[in-house]
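Asker: Just need the whole structure built from these sequences, with the hints factored in.
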Amino acid sequence: MNSQWLLVAFFFIVGLIIPVGAIVAAAILGPKKPNPIKQTTYECGIETVGDSWVQFKVQYYIFALVFLVFDVETVFLFPWAVKLGQLGLFAVMEGIVFISILVVGLVYTWRKGMLEWA
Amino acid sequence: MTVAQIIFLVVALVTLVSALMVVTTQNLIHAALWLVVTLFAVAILYALLNASFLAVVQVVVYIGAIAILFIFAVMLTRKEMRDQGPQLNASWGLSALLAVLTFGGLFALLQGWDGMSKTVAALPSGFDAMNELGTALTSPNAFVLPFEVASVLLLAALVGAVYLAFNRK
Amino acid sequence: MNFWTDPLKLAADWLIGLLTGWGMPAGVALGLTAFLGVLLLITVLMVIDIFLVWLERKVVARFQDRIGPNRLGPFGLIQPFADIIKLLIKEDTTPANADKVVYNLAPMLSMMSVLILWAIVPLAPRILGVDLNVGALYIVAAGAIGTLSIIMAGWSSNNKFALIGAFRQVAVLVSFEIPMVAALLIPTILAGSMGMNAIIQAQNVWYVWLSPLGALIFLVAAIAELGRSPFDMGEAESELVAGYNIEYSGMKFGMFYAGELLHALTFGGFWGILFFGGYRFFGLEQVSPFLAIPILLTKAVIGYWIIMWVKYTMMRIRIDHMLAFNWKFLTPLAFVLLMVTALANVLLRGASAWIYIPGMFLSNVILGWIVVEFMRRYSRAEREKAEGAAKARTVLEIAHP
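Residue numbers (the numbering used here), protein chains in the order written: chain V, 1 to 118; chain W, 1 to 169; chain L, 1 to 401.
Don't take every hint at face value.
[What the hints assert, rightly or not] Heads up, simulated BS3-like pairs for lysine-lysine below, C-alpha to C-alpha not over 27 Å straight-line:
1. 112(V) / 385(L)
2. 33(V) / 90(L)
3. 33(V) / 86(L)
4. 100(L) / 160(L)
5. 32(V) / 58(L)
6. 90(L) / 58(L)
7. 33(V) / 385(L)
8. 100(L) / 58(L)
9. 57(V) / 112(V)
10. 33(V) / 328(L)
11. 32(V) / 90(L)
12. 328(L) / 57(V)
13. 90(L) / 160(L)
14. 86(L) / 58(L)
15. 100(L) / 90(L)
16. 86(L) / 112(V)
17. 100(L) / 86(L)
18. 160(L) / 57(V)
19. 32(V) / 100(L)
If you are wondering where the hints come from, they were derived from the structure by calculation, not from laboratory data.
Answerer: Set out below in structure tokens:
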């Protein structure tokens with residue numbers, strides 16, 4: 001079991017070496033002529049207006065929150081799904097109860113207007 | 001010192017250092033990113049303990065959802081990303097003393113514990129963690145009721161979040 | 001164990017024998033051989049990635065009724081190498097006030113999140129990186145790292161457009177993860193395991209016949225997860241220039257771009273593994289891994305073709321429509337499908353194959369038909385409401401010119 005994760009670690013390491021190597025190769029091979037105009041922030045060719053910080057809508061946060069709850073729910077469902085092939089109707093009904101409680105939550109969120117972007 | 005012990009020490013060191021960086025760094029987004037490093041190191045610790053499911057769940061839920069939620073929250077609320085105040089406040093001496101005393105107390109307590117030199121018991125052969133988890137969560141003698149209660153808990157969290165966000169709107 | 005049936009084990013054993021003959025301890029030799037194997041796989045993937053650039057450009061050209069690159073080499077095959085040379089010799093600029101560490105780390109993490117996915121892809125019955133028994137969630141975990149790299153890229157560029165593009169893209173990515181995980185649960189239920197190899201071995205009949213709606217939901221959610229049109233909020237070219245990619249040029253942009261193409265091929269592969277039997281094709285894979293690998297790659301390329309087809313045919317969807325589509329249609333549909341599949345599976349599982357397969361298929365079809373009926377009625381009601389409002393307005397205008 002441990003050797004499995006060691007191999008995964010190898011994949012992480014090699015997966016990191018390849019882009020690092022490519023980017024370092026590009027940094028070595030490319031010309032180096034930094035120039036303040038080249039390094040200004042891009043705003044469709046005009047000078048930037050204001051800070052590069054924007055007031056964000058609270059909708060992003062709400063979507064992330066709803067996502068979090070459903071993510072945890074689906075993670076709980078994985079052990080249930082794995083065992084389902086060998087269990088009977090009781091386990092299926094139990095899972096259906098679990099999912100429907102959270103579908104009720106989704107409908108509640110929907111009706112409260114939390115899922116609008118506007 | 002077996003290889004496993006060395007790897008564990010390195011990962012534990014990474015966890016501690018990145019946790020320290022979370023609370024001391026001045027830029028908030030950097031703090032969130034150091035938190036991601038800490039959570040990832042904890043996932044590696046789970047993998048070292050053969051808890052593959054927990055390791056993957058740690059990455060999916062903590063890094064994929066909670067760390068992103070932190071970053072969104074930081075972006076939403078602060079205009080100034082850098083913490084302008086001083087790093088230490090007036091009573092840092094007392095808190096340092098308390099921290100050292102707590103650490104010393106824990107150290108003294110754990111001296112008498114013989115778990116440090118034991119190796120982890122090997123799991124019975126053919127042990128499939130996912131199967132065992134699945135049985136535990138669905139059999140009436142085990143954890144069926146907490147499983148359902150967990151969904152109610154999630155529903156409560158969702159309703160609470162909706163209520164909070166609704167008021168703010 | 002001859003060459004045709006088990007080439008990888010033969011090569012690994014030969015190398016380990018060579019290394020221990022030189023005096024290396026057995027554990028280190030094993031580790032080194034594994035490392036070299038991983039290096040080989042990832043190098044081959046990068047070479048395939050280069051040709052994916054060519055494939056993409058040729059295909060988009062044909063969809064747009066033109067020829068595509070045809071100057072460099074036969075059929076323009078040398079074109080991607082020219083692209084790479086160009087990307088390599090471009091200057092490595094960093095915008096002023098950008099956060100240097102995070103800015104440089106983002107493209108590396110983005111590419112890494114794609115390469116680590118190939119650890120669990122089974123290329124042949126005995127050739128796969130790691131047979132993790134939590135393969136399905138590993139896919140989602142790699143996606144989480146990719147999502148993080150997008151936020152890092154957008155934030156560290158110190159550019160309003162990059163930030164907005166990154167946040168929108170992450171909102172979409174994060175939302176579409178739910179139907180994708182729900183669709184991943186369906187092969188898990190049908191196969192009784194989360195490991196990729198186990199799912200393939202359990203597919204005596206392809207899961208697309210048992211759950212066509214699940215395959216469709218996975219495809220749609222995967223296209224959204226890839227950040228490709230019609231869900232490409234992150235690089236909405238006409239809206240945000242290049243979204244989170246704005247301040248990246250040269251090889252760093254190349255990493256993002258090539259990573260996205262390889263990601264698309266990988267998800268084409270996963271669609272094939274989860275729903276179309278992976279490397280299995282009527283028993284051909286038992287003959288030799290040299291047959292199994294092309295079978296899997298063919299299915300991956302067919303999946304990639306379908307993803308490209310969708311990209312070059314449909315327009316980008318507006319973000320509020322995209323999120324409404326996910327939370328109000330796809331997520332409830334995915335959960336209801338999950339419940340129906342679990343129920344149908346447990347009720348029909350004991351019966352013979354002649355009842356099981358059509359039963360599962362029909363349950364999906366009935367669910368799809370009910371959903372389409374709902375949508376039809378809903379859109380008819382919406383249209384009448386809109387027409388009623390328009391008519392009322394016209395009447396008012398006639399009355400009060």
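Asker: State for each hint whether it applies.
Answerer: Hint check:
Between residue 112(V) and residue 385(L), the direct Cα distance comes to roughly 22 Å. Compliance with the 27 Å bound is thereby established for this hinted pair. Distance restraint check for residue 33(V) and residue 90(L): the Cα-Cα separation of roughly 11 Å lies within the 27 Å cut-off, and the hinted pair is therefore satisfied. Note on residue 33(V) and residue 86(L): the hinted pairing holds, with a Cα-Cα distance of about 17 Å set against a maximum of 27 Å. For the given pair, residue 100(L) sits about 17 Å from residue 160(L) by alpha-carbon distance, which is consistent with the 27 Å threshold.
About 34 Å separates the Cα atoms of residue 32(V) and residue 58(L), which puts this hinted pair outside 27 Å; it is violated. Proximity of residue 90(L) to residue 58(L) is assessed by CA-CA distance (about 24 Å); at most 27 Å being required, the pair is judged to hold. For the hint pairing residue 33(V) with residue 385(L), the CA-to-CA distance comes to about 62 Å; that exceeds 27 Å, so the pair is violated. Our distance criterion of 27 Å between C-alpha atoms is broken by residue 100(L) and residue 58(L), whose separation comes to about 36 Å.
Between residue 57(V) and residue 112(V), the direct Cα distance comes to roughly 18 Å. Compliance with the 27 Å bound is thereby established for this hinted pair. Our distance criterion of 27 Å between C-alpha atoms is broken by residue 33(V) and residue 328(L), whose separation comes to about 51 Å. As the CA atoms of residue 32(V) and residue 90(L) are separated by approximately 9 Å, the hinted pair is consistent with the 27 Å bound. Between residue 328(L) and residue 57(V) the CA atoms are separated by roughly 20 Å; this keeps the pair inside 27 Å, and the hint holds.
With a CA separation close to 25 Å, the supplied pair residue 90(L) and residue 160(L) stays within the 27 Å bound. Under the criterion of a C-alpha separation no larger than 27 Å, the hint pairing residue 86(L) with residue 58(L) is consistent with the structure, at around 19 Å. Taking the CA atoms of residue 100(L) and residue 90(L), the gap is near 18 Å; set against the 27 Å cutoff, the hint holds. The straight-line distance between the Cα atoms of residue 86(L) and residue 112(V) is roughly 52 Å, outside the 27 Å bound, and the hint therefore fails.
The suggested pairing of residue 100(L) with residue 86(L) holds, with an alpha-carbon distance near 23 Å, which does not exceed 27 Å. A hinted pair counts as satisfied when its Cα atoms are at most 27 Å apart, and residue 160(L) with residue 57(V) qualifies at roughly 14 Å. Simply put, residue 32(V) and residue 100(L) have alpha-carbon atoms about 16 Å apart, close enough for the 27 Å limit, and the pair holds.
Checked against the numbered hints given earlier, the structure breaks hints 5, 7, 8, 10 and 16 and satisfies all the rest.
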